Amino acid sequence: MELTLEESLVYPQQTTRGATQIPELKFDKLLEGLTRLVPRFQFRLPPYFINNARALSTLEGIAKSLDPSFNVLQILYPYALNLLITNPSRSPVVDATLQSLLRSRITGRIQRKKLVALLEDSALLSGFRKRRVVRDVMRTPEGKRIVGRIVGEELNHRFTGGRVFRSRSRRRKDELRTQSVYYQYLNL
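Sequential numbering of the sequence shown, starting at 11, is according to the numbering used here.
Wrong hints could be hidden among the right ones.
[To be verified] Derived pair list, reagent style DSS-like, types lysine-lysine, alpha-carbon separation capped at 27 Å:
1) Lys154 - Lys123
2) Lys123 - Lys140
3) Lys140 - Lys154
4) Lys74 - Lys123
These are calculated hints, taken from the structure and not from any lab test.
Bear in mind that the values here come from a model prediction, so they are computed numbers and not experimental data.
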């Protein structure tokens, strides 16, 4: 499995000022590796899987012949980040994935550095300013919930030393306050 990933993903040599390195996906190598793994681990693939995979491989080849610098992951990464941050399906798996990306394994607290890196990656890859990314996230119900959790946890830790503290106020006023604190927290 590791060999398949090593063959399928090629990482760039240099990066731009701390930006996340997006590897290039060699789709044909990935498909080849998967076909080796299927019989070994007795996966059951739907009959259309191979046809779809071949079609994607062909489309990638056409795109690369037109633009040699084409990287399918550069197209998919911003979309995946958006789905991860907004979680429109409210999937517990997506939420757990986001939490594992943001939280410290030792303390369980959200790490500002990881949050800012995720925000910067999203802004860089989407071409939008960080404030716009935050505003777009805040417009989704799941985004509000996640940002509220982040801000609530930070305020709780700062003002109560980690003890549980919750207050109820008007919804819109809280949303504006949360957004303002979140901007200050990220130094925007």
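Query - Numbers of unmet hints, in rising order - result: Violated hint (a single one): 4; every other hint is consistent with the structure.
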